[in-house]
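Visitor: The primary structure of each chain is shown beneath.
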Amino acid sequence: MVTQTFEEISPADFFYRNRDIAGFTNPSRAIFASIRELVENSLDAAEYVMIPPDVYVRLSYVGEASPESAIYKLRVMDNGSGIPPQHIPSAFGQVLFGSKYKLKQTRGTFGLGGTMSVLYGQITTHQPAFIASSTGISKIYMYKIMIDIQKNRPLILDRKIILNKERWRGTVIEYSLEGDYIRAMPKILEYLKQTALVNPYANITFVDPRGRLYKFMRATTKMPPAPQETLPHPYGVDVETLQRLIRFTRCNTMQEFMKTHFHRVGELTASKFLTFAEIPASKSPKKLKREEIVRLVQNMKRFKEFLPPDASCLSPLGEELLRTGILKELKPEFTAVRQRKPSTYSGHPFIVEVAIAYGGNIPQKGDFILYRFANRIPLLYDEASDVSFRIMKGINWRRYKISPDMPIAILVHICSTKVPYKTVGKEFIADRPEVKREILNGMREVARDLQHFLSRQEHVERERKRLGVFSKYLPKIAQFATKLAGRQEPPDIKKLLDKVKTIEENE
Amino acid sequence: MKKTSRDERFSATERKKEVLDKLSNLGENLYQQMAQGNFPSIKMPSRSIENIYYNPEVRQYVLGDRTVKRTAQNIRHIKPFTQLVWTGYFAQELTTNRKTSTLRDVYYSAQAYEISFQDQAESDNVITDLETVADCAREDLNIFPEERSAIFGDLTIEYTVPGYEGKQLNLTSHPDGVMIGPALTYSEFVKTTADKVIAIEKGGLFTRFIEENVHKKYNALLVLTAGQAPRATRHFIRRLNRELDLPVYIFTDGDPWGMHIAMVIISGSANAAHLRELTTPDAKWSGVWASDIVDYKLPSDPLTELDVKRLHELQRDPRYKNDLWQREIKVFMKHKRKAEQEAFSRYGLTYIVDEYLPAKLEEKI
Chain W
1 MVTQTFEEIS
11 PADFFYRNRD
21 IAGFTNPSRA
31 IFASIRELVE
41 NSLDAAEYVM
51 IPPDVYVRLS
61 YVGEASPESA
71 IYKLRVMDNG
81 SGIPPQHIPS
91 AFGQVLFGSK
101 YKLKQTRGTF
111 GLGGTMSVLY
121 GQITTHQPAF
131 IASSTGISKI
141 YMYKIMIDIQ
151 KNRPLILDRK
161 IILNKERWRG
171 TVIEYSLEGD
181 YIRAMPKILE
191 YLKQTALVNP
201 YANITFVDPR
211 GRLYKFMRAT
221 TKMPPAPQET
231 LPHPYGVDVE
241 TLQRLIRFTR
251 CNTMQEFMKT
261 HFHRVGELTA
271 SKFLTFAEIP
281 ASKSPKKLKR
291 EEIVRLVQNM
301 KRFKEFLPPD
311 ASCLSPLGEE
321 LLRTGILKEL
331 KPEFTAVRQR
341 KPSTYSGHPF
351 IVEVAIAYGG
361 NIPQKGDFIL
371 YRFANRIPLL
381 YDEASDVSFR
391 IMKGINWRRY
401 KISPDMPIAI
411 LVHICSTKVP
421 YKTVGKEFIA
431 DRPEVKREIL
441 NGMREVARDL
451 QHFLSRQEHV
461 ERERKRLGVF
471 SKYLPKIAQF
481 ATKLAGRQEP
491 PDIKKLLDKV
501 KTIEENE
Chain P
1 MKKTSRDERF
11 SATERKKEVL
21 DKLSNLGENL
31 YQQMAQGNFP
41 SIKMPSRSIE
51 NIYYNPEVRQ
61 YVLGDRTVKR
71 TAQNIRHIKP
81 FTQLVWTGYF
91 AQELTTNRKT
101 STLRDVYYSA
111 QAYEISFQDQ
121 AESDNVITDL
131 ETVADCARED
141 LNIFPEERSA
151 IFGDLTIEYT
161 VPGYEGKQLN
171 LTSHPDGVMI
181 GPALTYSEFV
191 KTTADKVIAI
201 EKGGLFTRFI
211 EENVHKKYNA
221 LLVLTAGQAP
231 RATRHFIRRL
241 NRELDLPVYI
251 FTDGDPWGMH
261 IAMVIISGSA
271 NAAHLRELTT
281 PDAKWSGVWA
291 SDIVDYKLPS
301 DPLTELDVKR
311 LHELQRDPRY
321 KNDLWQREIK
331 VFMKHKRKAE
341 QEAFSRYGLT
351 YIVDEYLPAK
361 LEEKI
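So the protein lines, in turn, are chains W and P.
Heads up, the first sequence stops at 507 in our numbering, and the numbers go up one at a time, no gaps.
Heads up, the second sequence stops at 365 in our numbering, and the numbers go up one at a time, no gaps.
No wet-lab data here; the hints were simulated from the structure.
No residue lacks a Cβ here, since even glycine has one placed at the ideal position from N, Cα and C.
Treat the hints with caution; some may be incorrect.
Listed below are the simulated PhoX-like cross-link pairs for lysine-lysine, each with C-alpha atoms no more than 20 Å apart in a straight line [unchecked claim]: (1) P:Lys321 with W:Lys472; (2) P:Lys196 with P:Lys216; (3) W:Lys494 with W:Lys472; (4) P:Lys334 with P:Lys309; (5) W:Lys499 with P:Lys79; (6) P:Lys321 with W:Lys494; (7) W:Lys476 with P:Lys79; (8) P:Lys79 with W:Lys501.
Computed far set for chain W versus chain P, every beta-carbon distance over 12 Å [said to hold, decoys possible]: (9) Arg153; (10) Arg340; (11) His452; (12) Lys495.
Produce the entire structure from the sequences given, and follow the hints as far as they go.
Guide: Right under this line is the structure:
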């Protein structure tokens with residue numbers, strides 16, 4: 001007889017066993033994912049206090065690990081909010097602990113990234129991680145921790161507090177990990193470049209294992225307005241979320257409950273909805289039966305009169321900043337940027353920003369270059385599966401007198417409280433019709449802008465050529481006509497040349 | 001010299017003065033337009049197909065009333081416009097300095113003045129424009145094509161070209177014939193004993209005729225057209241006909257192409273509709289006819305598809321309206337055979353001269 005054993009595993013253990021899900025698939029992907037997670041934490045931390053981010057990343061070679069990989073030390077430092085001292089060990093030593101577990105647009109979602117990176121470092125090198133942070137108070141807290149994987153708890157190996165005379169604010173993390181920088185290098189550099197593009201107000205510095213310095217300097221100190229936290233919209237709520245809300249609510253009636261915990265639900269909408277859902281407005285939410293909760297969620301999705309979510313919880317980059325970023329990192333001859341109006345899918349608000357960049361330093365690759373961003377994160381993998389890629393391929397570009405052999409880059413940025421990723425890997429966006437429509441219209445708008453630019457440019461070029469033709473031939477006509485007529489002095493043709501400049505296509 | 005009207009009388013010097021006047025008028029006209037602050041423009045008869053008509057009175061193609069305006073204001077016109085003005089200037093230089101040039105030479109000379117022609121076809125076309133604008137043939141502008149034909153027989157001419165003025169030459173002096181080039185074109189006729197002109201398409205037969213003393217036996221001037229007769233040759237034949245009152249007989253291959261060589265000498269080509277004095281309306285096509293192929297049982301080849309297509313075109317051509325041409329076209333189409341002039345050699349080398357030629361010259365058309 002076979003004995004089956006059941007055991008509960010901690011979230012840390014789960015991710016340890018399934019690290020592929022979080023993007024730590026192989027030594028090359030792992031080093032990329034580590035840098036990415038920590039850089040994004042740093043950017044979020046700086047934006048949280050509305051300070052233009054300064055992020056310093058250093059990757060140094062420690063020693064060989066296997067023929068394909070090596071041990072590196074990774075150090076990431078920022079000027080962000082800093083972590084309150086009591087949370088520092090958990091912030092990096094406990095999976096699913098984080099400040100982002102609320103409804104507003106952030107880069108990460110689960111507070112998974114930082115800890116996953118440390119966890120990965122620990123399982124590949126068995127070295128502790130060093131963390132120092134200060135929120136700008138008079139002390140800097142320094143920790144040396146490891147993760148107790150089975151218990152999902154940080155193990156504090158050492159703790160130091162030093163005086164913060166200069167009132168430094170920010171966080172430093174340094175730890176060892178196994179990876180393959182040589183193979184990951186192109187993606188890491190591309191990631192940093194695109195991050196610099198979509199965060200034009202950030203300074204990003206990277207020192208790679210060979211000692212090469214990459215600097216991406218900010219082009220502005222303006223930052224997009226910080227997103228506001230928001231309540232869930234009824235369309236986007238599932239049974240689990242509703243149960244949690246019921247568990248901690250202090251409301252005694254359903255009417256109050258609807259008003260207090262949902263986005264854009266007021267007195268009138270609440271009573272209309274409860275009538276629609278056939279639930280008494282005076283009923284206590286705590287007394288809802290299991291099947292009533294399920295029905296409530298179903299009716300929330302069916303009820304047509306909820307107001308659409310507003311976009312105050314979103315923080316798009318804005319046309320001006322996106323343009324700044326594009327001009328800074330891509331150095332094109334021309335760029336057009338469009339921010340679409342906020343829209344929603346399944347109760348989640350989103351905003352699409354689309355840009356097109358032409359000429360200048362944009363290479364001619366025989367096809368458009370597509371840059372995809374979600375919540376200001378560059379998406380670098382699985383391009384062909386992304387909705388933007390398919391939309392781009394489906395557009396009849398010839399209508400805009402644009403062809404793939406021109407030096408053209410197209411950028412799509414989606415911001416949402418819930419980016420519709422297709423897989424857990426979070427590398428590409430799913431084909432939601434609402435999202436699709438916004439991207440498509442955005443691309444069309446910027447394509448039209450480029451078309452206008454190109455035809456204007458063509459017109460200028462044509463005028464230049466035209467003038468060239470006239471100034472080449474008119475003097476010759478004058479010269480030979482003078483000789484034919486047997487005269488000495490050629491006629492003055494300056495007036496004629498001036499006329500050429502003013503007449504438009506006179507043919 | 002026999003009776004010739006004043007108009008027809010060729011005078012090299014008068015002609016030259018007229019041409020130079022035309023060129024300087026053109027220059028003055030353009031100059032004035034520019035001096036008044038206008039874009040220079042030129043009006044000239046259109047040479048498009050729609051403006052080419054057959055005129056039965058002068059028995060040649062002529063241009064209709066349509067005109068085209070070339071203006072330097074139009075970006076598509078300005079380059080050919082410049083080329084045209086330059087070509088006028090170049091022709092003026094040639095004429096004034098009594099030099100001649102070939103079409104090919106014009107094409108290359110342009111490059112010295114930074115006037116670019118894409119190819120010779122383009123420069124040839126501009127020369128045709130200049131002919132139309134100045135209303136004179138390119139030979140009057142001292143520009144000649146490469147092709148050369150020849151003449152042999154008892155005609156004495158007097159040169160007018162520089163270095164040869166007053167010098168005379170009898171055209172029997174050279175047994176290969178004398179080339180009809182610029183010098184001969186500008187020469188004046190002095191005297192002749194000939195009473196007819198025989199134009200021959202091919203060099204082989206021309207030589208045979210000289211060897212067989214055709215010029216003496218038949219009292220004729222022999223002209224080699226060397227295929228389609230160049231304009232200078234057509235003009236020369238016309239002068240022989242008009243100034244010396246000599247009847248002209250044309251011998252070509254017995255096929256639609258040979259037939260058309262004769263026709264172009266008689267009635268001119270559509271390409272030269274803007275020009276006069278290149279035709280000899282009274283000249284006669286004496287052979288080889290389609291009916292000769294039958295009557296003389298000449299060795300022959302079947303007509304090709306292209307030949308037949310050409311025959312159908314000729315059948316509808318207004319120049320081919322009269323009975324002889326229509327009859328011969330029908331015979332060609334009936335027998336579907338063609339023969340070259342050399343085909344007579346099957347009857348011996350002298351047969352064509354002794355038997356065929358006198359019979360054909362006798363023929364009443």
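Visitor: Now look at each hint and say whether the structure bears it out.
Guide: Outcome of the hint check:
no.	hint	in the structure
1	P:Lys321 with W:Lys472	violated (50 Å)
2	P:Lys196 with P:Lys216	holds (11 Å)
3	W:Lys494 with W:Lys472	holds (13 Å)
4	P:Lys334 with P:Lys309	holds (14 Å)
5	W:Lys499 with P:Lys79	holds (18 Å)
6	P:Lys321 with W:Lys494	violated (56 Å)
7	W:Lys476 with P:Lys79	holds (10 Å)
8	P:Lys79 with W:Lys501	holds (18 Å)
9	Arg153	holds (81 Å)
10	Arg340	holds (43 Å)
11	His452	holds (24 Å)
12	Lys495	violated (5 Å)
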